[in-house]
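Asker: What follows is the residue order along each chain.
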Amino acid sequence: MNRLAVDFLGNHLKNPVVMASGTYGFGTEYARFYDPAELGGFSTKGLTLEPRPGNSGIRLWETPSGLLNSIGLENPGIDDFVGRIWPEIKDLDTLILANVGGKDEESYLEAVRRLNDIDIPIIELNISCPNVKAGGMAYGMEPDKAGEITEKVKNVSRHPVMVKLSPNAGDLVGVAKACEQAGADALSLINTLQGMAIDWRTKKIVFDNTYAGFSGPAVKPVALRMVHQVCGAVDIPVMGLGGITTWQDALEFMLAGASCIQIGTAGFADPYAPLAVIDGLERYCEDEDVMLADLIGKAVK
Amino acid sequence: MAVIHKNDEIADGIFLMEVELDDEDTGKPEPGQFYMVRGWDRYPLLSRPISVFDYEELPCVSPDGSTEGAPVTRVLSFLYQVVGEGTELLAELSEGSDVTVEGPFGNTFPEVENRLTLVGGGIGIAPLYYLAKSYRRDHRDRSLKIYLGFAEESYAVALFEEVANSVTVDVGGFITDRMDVSGYSDQDTVVTCGPAPMMNAVMAKIPAQTKTFVSLEARMACGVGACLGCVKEAPLRWKMTDEGLVTDGSVHVKVCSDGPVFEREVVE
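Going line by line, the protein sequences match chains W and D. Numbering follows the working numbering, in which position 231 of the first sequence is assigned residue number 231; successive positions increment by one, without gaps. Numbering follows the working numbering, in which position 130 of the second sequence is assigned residue number 130; successive positions increment by one, without gaps.
Honestly, the hints are just simulated from the structure, not real lab data. Mixed in with the good hints, there may be bad ones.
[What the hints assert, rightly or not] Residues on chain W that point at chain D, a partial pick, calculated with CB under 10 Å: (1) Gly22; (2) Thr63; (3) Gly66; (4) Thr202; (5) Thr245; (6) Gln248; (7) Pro271.
[To be verified] Keeping only pairs whose Cα atoms sit at most 27 Å apart, straight-line, the calculated DSSO-like set for lysine-lysine is: (8) Lys103/W / Lys145/W; (9) Lys133/W / Lys103/W; (10) Lys204/W / Lys152/W; (11) Lys103/W / Lys14/W; (12) Lys152/W / Lys133/W; (13) Lys90/W / Lys14/W; (14) Lys133/W / Lys232/D; (15) Lys177/W / Lys298/W; (16) Lys177/W / Lys103/W; (17) Lys232/D / Lys204/W; (18) Lys232/D / Lys203/W; (19) Lys103/W / Lys232/D.
In this text, a Cβ means the ideal position worked out from N, Cα and C, and glycines have one as well.
Here chain D stands alone, though its shape is the one from the complex (with noise of 0.2 Å):
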């Protein structure tokens, strides 16, 4: 269970919801990441697969003032987009109210050691931000470049741009064509999330040797890979573990338990 903080409308349809997260057994995720969320008990039946935009863990502060030893409150954000009667229903819920995540499931961001360009499109930009805050606490003085494309709006603009080096911005436009890409080399890595053509035309555009990673979303039953609900095609049938990209064997990929996250041969 976890406990509503906030859950505020912050462009039209769009709500950045923070719980906290008060069972010990619901991991920390990693960036890429996402949770099985409802906010309701029987119907509707399937809980929202839903992605990390952020998490935090706070020291709780005593009456002293101090924060040593004190227990910390691990808030979780959500930010998504009212899209059907799943997301109508948790854009309702209000602060104090509980909900149910399962989670974090899926793979994750890969570790990025050189220059990190991110690329978002409307919601797309959901599982982002917790990655662009994790490279920049973990590399100071490397390079985040951030492309963040919106059809009316843009939203949550200014939480990338405390963390990268440049933040640029498209609205009603394509984002890709605000992207230059002169200079992309292998010491590049670009990860995508956003619609299809928006991370088909990101893919289209990146040199081959620069690393591509595509995040994907799907209908999901289950979560972990047990319904087979989710699955992509993967033409070249292969699968990412510890030990890089290796076949094994499948002709899907199930986007919930292989990924979200792909690289883009595996999907291109």
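Bound conformation, chain W alone (with noise of 0.2 Å):
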């Protein structure tokens, strides 16, 4: 019996653990590690309608249970993931989500419309990367801008859209409804939040960019709260994320209401961290002798 299995939008995922975005490539990264076919799903770089080169100079800073990252997005772009890395990868045992970015409505809905050549399960549309000075986060601030482009997105795509909500939102709870009313099939949230670095040695900014996107362990309390916020607000399914590191932050996040969970950064300071994730989750759902789903938002129920 698998006690893990979930739902997500009609996909049958045999757990609950799904790779966040940016911090799994394009899936082969840590095949070298475990069959990726052991996990619920990954979702891929955030790719864009054009290839972007990334941001300039350094691009990593870690902080006490932390990681300050400057990527910026840096992808082969929408063509070279559905032309070359989509045939490539599509065959793996696993959810695949395609993170979607852009500079302005135009290329967004360009790169989501190239996605329809493909069956990618879900896209996962990210308006909320605060790491490149066009687009991105600026759609996921406000709940009419946010509403607005998952409208449009809705309306050329004909796949599921989880929308990636910013946690830089002024009103995320206000954000998160509008996207459900747009037609949102799901949320993710959180995304990293906006931090910065000085180097007192240097006195200079870290970060080319100025800011930075902050993730790891030390976000997690943060995104738990925002996790139980829009759960509580919204009736879409939500993949809840944001620092979550060992199977009791997952179930947490599950508690709290996620149907779903991400792991990001702490599969850099550990690749094994989400099978050890998926191994304490079969544990306790085998000790407490429950299947995993029925405790879905068990915490605020």
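Hints in hand, dock the two standalone chains.
Answerer: As structure tokens, this is what we get:
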């Protein structure tokens, strides 16, 4: 009996553990450690219509229990994904989400249109990347704008759309509701918190892009609070993420209402972290004699 | 997992750590590769990329003195400099402590059939020793010249002297001033690792027909090409493969998985 199985937008996942966009490449990088089919799924590196070189300068900065990154959506572009990468990964026995970013409305829509050519199960619409100057997070900061782009994307996409939300929005619950009303099939949160670093030795700002995205165990309580708030405000399913490192973290996000969880930064620290989470959840469900899916939202109902 | 055999400070802030690999899954390194090393549980968050200084498979000696059919002890060495929180913690570890060692990662130095020159600066000498040793093992009669530059004090020189035809050491000056490259041709290969200004000076000095490789370091989160935190600008957009240099259409090269070893044309 698989006690971890969950359904997400009509997809059967063997477990709720999904690797977060930007931390798992295109699914093959970690195959040297374990078969990606052991995962519930993974979300691709953020894709944009045109290839992007990403940001210049320092891109990583470690903090106490956290990580600042300023990658800036470096990716080979949607056509390379559709034509070259997708055929290589499509038969992996795990749920693959295509994470899509954009610099303006048309670039979002055209990228999404081109994904209509392939059978990607879910699009994760990234309106929350803090590391690009144009687009990105700008679409996720206000309910009106988030709703508008969601609606337009839904109109051109033949695939289900999960909108990835930014914790930097002033009215996160408002943004979440606006996305739901605009037709979003699901939500994922949180993307990284905006942070910065100054190197006291050089007296300079560390990142060329000044601000950077903050992730890792340090953000978990904030992420958990936000997942709890959003799950209480919408009826569509939510993937929860933000600092999840252990099976206990994962369970807490599900108790707060998340149907699935994503692991990001923890996989950098320990490539086997997702497997340890899966094992831990299995043992817990076995010991408690429960089905994991029955625990979704249990802390709030 | 691996167990520390020794972890000695061989110069100011420079440590030589030997670990015994006790996990079958941890592969055997090729010269130029690195491991992600951590000697702690959760904090600091990330493991540290450290290049292979040496690797040996030593037969275990049974009580009757024979080594036949005996399992081997796999000993991996890291030469590292204390530069921050992670390496400070590594330096505090004592014999018998456990460290987590994932890898090996990255590409390797090229197979060199002709004469080899190595130029290392400071802790940049670390990946060159295993290369020197492997080259000497495979080519007993070929020329191996080594130049080692240090800012304040030299270290590990005696090890290099055991395998090289000549070792030239400079302390406090410019190692490139000590190099005589007249007569270098396409029958020579140069490999360099050290501070960027030193590697640039090496690349500027070596004639164009002499193949020259650099080994880079970078901040890394994953070590396997997923996080894109370690990329370097590669104006020519080249990538090294088994078939040689090819363009792969990417604007950056990943130090961790495309490198850390690059032909000089890629990074010059």
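Asker: Checking each numbered hint in turn, tell me which of them this model violates, lowest number first.
Answerer: Result: hints 4, 6, 10 and 11 break, sorted rising.
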